[in-house]
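**Q** What follows is each chain in one-letter form.
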Amino acid sequence: MTRQSSSFGRVDQIMVEERAATFTKRSIKAESKMEGLRLAFSMLDLTTLEGRDTPGKVMTLCHKAMHPAPERYGVGPVAAVCVYPNLVPAAKAFLRGSSVKVAAVATYFPSGQSSLKTKLEDTRVALKAGADEIDMVIDRAAFLRGEYAKVHDEIAAVKQLCGDVHLKVILETGELVTYDNVRAASMIAMQAGGDFIKTSTGKVSPAATLPVTLVMLDAIREFFFATGIRIGMKPAGGIRTAKQALHYMVMVNETLGDDWLTPDMFRLGASTLANDILLQIAKGVDGRYQSGDYFSLP
Amino acid sequence: MSKKSKKLTTGVAALVAPASHAAIVPVRDRHLRFNERWNYSPAPEVHTDIKIRPRYDLFIGGKFVKPSSGKYFPSINPATEKQHAEIAQGTAADVDKAVKAARRAYEKTWGKMPGRERGKYLFRIARLLQEKMRDLAVIESLDGGKTIRESRNIDLPLVAAHFFYHAGWADKLDYAFPGRKPQPLGVAGQIIPWNFPLLMAAWKLAPALACGNTCVLKPAETTSVTAMHLAEILAEADLPEGVVNIVTGFGDTGAAIVNHPDIDKLAFTGSTEVGKIIAKSVAGTRKKLTLELGGKAANIICEDAPIDQAIEGIIQGIYFNQGHVCCAGSRLFVQESIVEPVIRRLRNRLSTLRVGDPLDKNTDIGAINSREQLGKIREMVESGKKEGAELFQPQCKLPSKGFFFAPSFFTGVTDSHRIAQEEIFGPVLSVMTFRTPEEALERANNTPYGLSAGVWTDKGSKVFKLATKLRAGVIWAETYNKFDPASPFGGYKESGFGREGGKQGLLSYLKLG
Numbered sequence: 001m002t003r004q005s006s007s008f009g010r011v012d013q014i015m016v017e018e019r020a021a022t023f024t025k026r027s028i029k030a031e032s033k034m035e036g037l038r039l040a041f042s043m044l045d046l047t048t049l050e051g052r053d054t055p056g057k058v059m060t061l062c063h064k065a066m067h068p069a070p071e072r073y074g075v076g077p078v079a080a081v082c083v084y085p086n087l088v089p090a091a092k093a094f095l096r097g098s099s100v101k102v103a104a105v106a107t108y109f110p111s112g113q114s115s116l117k118t119k120l121e122d123t124r125v126a127l128k129a130g131a132d133e134i135d136m137v138i139d140r141a142a143f144l145r146g147e148y149a150k151v152h153d154e155i156a157a158v159k160q161l162c163g164d165v166h167l168k169v170i171l172e173t174g175e176l177v178t179y180d181n182v183r184a185a186s187m188i189a190m191q192a193g194g195d196f197i198k199t200s201t202g203k204v205s206p207a208a209t210l211p212v213t214l215v216m217l218d219a220i221r222e223f224f225f226a227t228g229i230r231i232g233m234k235p236a237g238g239i240r241t242a243k244q245a246l247h248y249m250v251m252v253n254e255t256l257g258d259d260w261l262t263p264d265m266f267r268l269g270a271s272t273l274a275n276d277i278l279l280q281i282a283k284g285v286d287g288r289y290q291s292g293d294y295f296s297l298p
Numbered sequence: 001m002s003k004k005s006k007k008l009t010t011g012v013a014a015l016v017a018p019a020s021h022a023a024i025v026p027v028r029d030r031h032l033r034f035n036e037r038w039n040y041s042p043a044p045e046v047h048t049d050i051k052i053r054p055r056y057d058l059f060i061g062g063k064f065v066k067p068s069s070g071k072y073f074p075s076i077n078p079a080t081e082k083q084h085a086e087i088a089q090g091t092a093a094d095v096d097k098a099v100k101a102a103r104r105a106y107e108k109t110w111g112k113m114p115g116r117e118r119g120k121y122l123f124r125i126a127r128l129l130q131e132k133m134r135d136l137a138v139i140e141s142l143d144g145g146k147t148i149r150e151s152r153n154i155d156l157p158l159v160a161a162h163f164f165y166h167a168g169w170a171d172k173l174d175y176a177f178p179g180r181k182p183q184p185l186g187v188a189g190q191i192i193p194w195n196f197p198l199l200m201a202a203w204k205l206a207p208a209l210a211c212g213n214t215c216v217l218k219p220a221e222t223t224s225v226t227a228m229h230l231a232e233i234l235a236e237a238d239l240p241e242g243v244v245n246i247v248t249g250f251g252d253t254g255a256a257i258v259n260h261p262d263i264d265k266l267a268f269t270g271s272t273e274v275g276k277i278i279a280k281s282v283a284g285t286r287k288k289l290t291l292e293l294g295g296k297a298a299n300i301i302c303e304d305a306p307i308d309q310a311i312e313g314i315i316q317g318i319y320f321n322q323g324h325v326c327c328a329g330s331r332l333f334v335q336e337s338i339v340e341p342v343i344r345r346l347r348n349r350l351s352t353l354r355v356g357d358p359l360d361k362n363t364d365i366g367a368i369n370s371r372e373q374l375g376k377i378r379e380m381v382e383s384g385k386k387e388g389a390e391l392f393q394p395q396c397k398l399p400s401k402g403f404f405f406a407p408s409f410f411t412g413v414t415d416s417h418r419i420a421q422e423e424i425f426g427p428v429l430s431v432m433t434f435r436t437p438e439e440a441l442e443r444a445n446n447t448p449y450g451l452s453a454g455v456w457t458d459k460g461s462k463v464f465k466l467a468t469k470l471r472a473g474v475i476w477a478e479t480y481n482k483f484d485p486a487s488p489f490g491g492y493k494e495s496g497f498g499r500e501g502g503k504q505g506l507l508s509y510l511k512l513g
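Chains A and B, in that order, give the protein sequences.
Taking my numbering, the leading residue of the first sequence gets 1, the next gets one more, and so forth.
Taking my numbering, the leading residue of the second sequence gets 1, the next gets one more, and so forth.
Isolated chain B, as found in the complex (with noise of 0.2 Å):
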């Protein structure tokens, strides 16, 4: 065996220079650089054909109906700072219009068609958002700052993809729970976030109308548009009128829907924060309730996991949909041995990210939903600085208007930084180390969160041991930020009750006779 072949023996631990090599780098210049040799062209979506219009009304009993306030807010485009359009400012005595109307939907048509029936709408539904899918994914790009390249791969594939799933329970609810009688509730009041318009309403409607219930759905203030446009195609899919209704508005809106003694069941997705005070108004009440709230995941790297795939996990984990994402993994625990090169890969990795205009199909991370959020994404920064952690930011242009933040990592970061305890909601990541996959357990656990949480390793064994010991209700091994209507989403502990999606989904709508 000649002496070469001794230098193999270690694996890459013992990668050394053959000798026989001319031009190595120095350790001090080994660096990548990017974008300087070959940069792209702008990829704008052309939407000239698209219209967003000037004024938004509220959809109440099959029609489009005037607010009883007569008063329209402002919706801007957060990547502009433009005013695209006027969204109705519904009040407590159009969420009691709403209410009635649901409520007689649901006694006249909704509550006694058989399932099979129930499955057609839900089925024209779906092929009808498919249809328009091109269309609606610029309109949510334009409307939240998202970007097109997830709008249409991602948030629209997945909406059809719930309608269809749900579709097919319609006339299968005997068939889900033998030996029992599901029933539907009544009326749900459904509150939905920003962070994914039209997906969230597509995961509260979608079971909802398959159970037999009717809605009255409350988009966030600041993306609403979408949510209009959803109605008019369940106009257009004939849908009965009251089914569902759509009631835009603030929190004052959202509270008349919580407080609205009608409603048999109230379903939220937001920060705890509001979800705390939803389940303090419903105490007492019949009302049933779901809460899908904040999170603080956990994303645990193994030194023996494929590190260049776990890159890949960490960025979906954290920078997918601006990190407004409740699931985002946005603590990230590193094994002691492998910090390095992570960090290193981490860094090139960020001076790839394309930021800037959400309708440029090359765009990687778009704009920040609203100034309000810009401003805690900010101050949470500004507090892991000042507590000591070092920031790390790619150098990347941003544009001059609109609410933009540069992708960011987080190092030197300690269990006890706000950074690592609080949700930031935001492109914004913290990483820290273990050095036993026992520790990163008990830590990734310590937190009043539980929503979701990633194992990255190659070991089967360990992911099991890890998984079942995760106090989460999503664990991601070797992939993250992957969702299927199939698949039960929902929290552990602060993270809130009740699963959306799968069998466990139905549950939250039908009661089991």
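One chain only, chain A, in its complex shape (with noise of 0.2 Å):
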């Protein structure tokens, strides 16, 4: 089955990366910097996504998740830390007893490129290692040739080997290059039973942008008033500073509002960010900036 990808609604793209301009001319000042940062610190999915990662690189990941910063800066821990199938036990075993979720990439990640068996195989070795939360990964080469039906089915077939354990589905909008494909492919990520619909893998550039994001959340706006259901969003990939973080808090706040700042409908995947509004935050603080050496790496 093909289609063209208009049927499901149209972007503008002009308009649209002007639009996504506008929440970057926002000046977030005083207490509602410190709120937005904080706010923005509880979303983080702490991500680690290399061949060369190990148990002790995990560890690291998750102690850090759970003790960001000293006490006095009010941080409390990042809502996950995203990790490959076969580190899932590692970080679940670092992670008990804190409210850190485990996210596991599945699904061949990050390229898609494999049978639809050697995904679900894949996506059953993170679920039986405990994941809380499966990122998979669309199959862009079948999206790209309009087979729609085949990107919606393998959705679904994970989705049902997941169960109630929440699933997001990567767009990895750098490969869909059009923003009408970004809005086909969130309806057919949504429709097919997705819990989240997240940018990128992190490994195709570009990762998240402002555009891409506003395009993603315009259709969950759009699925929440067909279905009833609030769709979770999170751009991952190239956002590294507090300032950018703030760029999305903001848009978020003014497109989809309340219900969606918060970590169970919103995240930001990242590594380096952490620190970023760590440093941001102490400044508030303290009142002055600090060296990066006083934070720990993740």
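Hints listed in this document are in silico derivations from the structure and should not be mistaken for laboratory results.
Be careful, since some hints might not be right.
[What the hints assert, rightly or not] When the alpha-carbon atoms are kept at most 30 Å apart in a straight line, the in silico DSSO-like pairs for lysine-lysine are as follows:
1) B:361 / A:243
2) B:503 / B:288
3) B:288 / B:63
4) A:29 / B:51
5) A:25 / B:503
6) B:82 / A:283
7) B:401 / A:25
8) A:128 / A:57
9) B:82 / A:243
10) B:397 / A:29
11) B:397 / A:243
12) B:401 / A:29
13) B:132 / A:25
14) B:482 / A:243
15) A:29 / B:132
16) B:361 / A:25
17) A:29 / B:82
18) A:29 / B:361
19) B:469 / B:503
20) B:482 / A:25
21) B:51 / A:25
[To be verified] Facing chain B, from chain A, some residues (calculated, C-beta under 7 Å):
22) 10
23) 11
24) 12
25) 15
26) 19
27) 29
28) 31
29) 35
30) 63
31) 218
32) 225
33) 226
34) 229
35) 257
36) 258
37) 261
Even glycine gets a Cβ: it sits at the ideal position worked out from N, Cα and C.
Using the hints, put the two standalone chains together into the complex.
**A** Take a look at the structure:
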């Protein structure tokens, strides 16, 4: 089955980029800045997705996730850590008793270039190890060929396997080329049962951008009014500074509003972002900037 | 093919909840909530370094002079209702002095000066404007109530751009009209409105000066302050004395310019009512006239439009500058099949607009320019309610002091409602529906005005079909309220005649030999 992506609704490139840029013009100062940064920090999916990852590296990450900074900064733990399936057992062990969730990438991450059987097996491994959340990738090759049903059915199959475990569907927007495609893929992912839609694997450039995230937030809103289901959003990759994080927070605040400003509905996938947010919070509390040496590496 | 994939066949219209999903919000509770969880702290533009002078005189013959009446009138900040300056009340005698100074300058210096020399002055003015952009933006917001976001990002950059653009034309007029010999007209009398005080001054002065004319400019009485700061910039740029003269005052000061026998050219931007009076006074004289008057623009949203972006276009169209825009998209025509999602999104979007202190960098909608204008808006909104239209206003706290009006829209409006026919010049939108593009076209054109229009559709062919048949001077497709000095601006019918900007705009200030 092939269809035109435009039947999922259209996006005007110039206007959506213009609108996305307006969120960067908000002036977030004083109390609202500290609140926004703390909220953003609580929404972090602290991520390590490298071939050289070891249980030791994951332990470092997990400890940082639970105890990010000295107590006086008032920064709670992050939302989740995000790792490869075979590191899920290590992460689960280190995080036992904490509120931090373990998210595992699966379905032949990052390319998705394998059989459905392999993708499901990959997911099964992660689930068996106790992953709380699965971050799957869509079959971009199928999507770009217009085989939307294949994309849909794969997501639906993975969701079936996941059951109550939260499923985040990575669209890899950097490979989808157009905003119309991003909107279509968002609709398919939500329709197929994804609980979250996520921009990127972090392995393809460009990763998350403000306009792409805006297109996805608009799709989430439309899906909510049509079905009554609130789908979560996770921009991932390329968000490195506290300032950028605030741009995303402003965008969620002014498009989907209060109900999405929680770690249950909005996540930021990043690795280096955490320390820049901490740096800014520390500046707010202490009144001066500190060197990066005062913050442990994630 | 699995059962599930069948759900996809009709796209968004067929969105249904996947059976597996637990938390389905019932239809009656499907709302978005805003501004409760995280709100923005005040972010005022610090302006202690910027001083509005207690008193502004007239600018005649290159000097700041007291008005012959000796009288000054108060200028207030519409966001606080506090007086912040006194403005000289120019009289017919002052206008006469200004016209004489302009005539002298035209004959002695400016009219004879080669275009490349005039261009240098214009470039210098443009650069000075850029240098002082921040100060001017702050003063514009203090004096007129517009948000610092707009005065800084839109008004001031466009002001400089107009001078740069026309500076480039000054020595190329012969090439703009090949085979003709373009000549300046002489002394131009220019009367401008309060909605874009500096920008309108730039629209008037830059082309007039580039073409070799000298000017007598009258700013609007509620927004004269930045014009006088512009006068200081002109002096700083060493513009020869008398080339630009600025006479502040009320309607009678404007009338003195209109009726002065030694004016060669009149340019007016403002209400259609006053435009008609001017046209009558000028009839039978040798004065050339251009008018840029009111509007009641149609913004047409077809069902195949990118709706989320069209919403932004609607917002830009009617709530830009508190709706004090002659080309505002004040009549929204929505195709029947998408009315419900468009209205829903408009409501949500209005709830995120921030109304209040114009100097706060996060304010989207600032103060209404004057008590008088606020009264007019309120009266029109009352008439809409009385005639049975349904008003929507988001819940927003308006400041207790100052002239503010919440962004609003009416549904249940027909073409014969006053709010669909008359210019409101405020943040009030009338929403109407249509079935076919032909119907939208007919109703869009069914107005005495014809300044601007907007078209939203994903089909290029439909854009051209509608744009060629809409009787309006400016038509935006997939955008709204975009301005550029290279693009001519002006109206049809009761929206006036003549163009400002672009090559066409030069013709308003030239005779072609």
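**Q** Flag every earlier hint the structure violates by its number, smallest first.
**A** When the structure is compared with the hints, numbers 5, 6, 9, 30 turn out to be violated.
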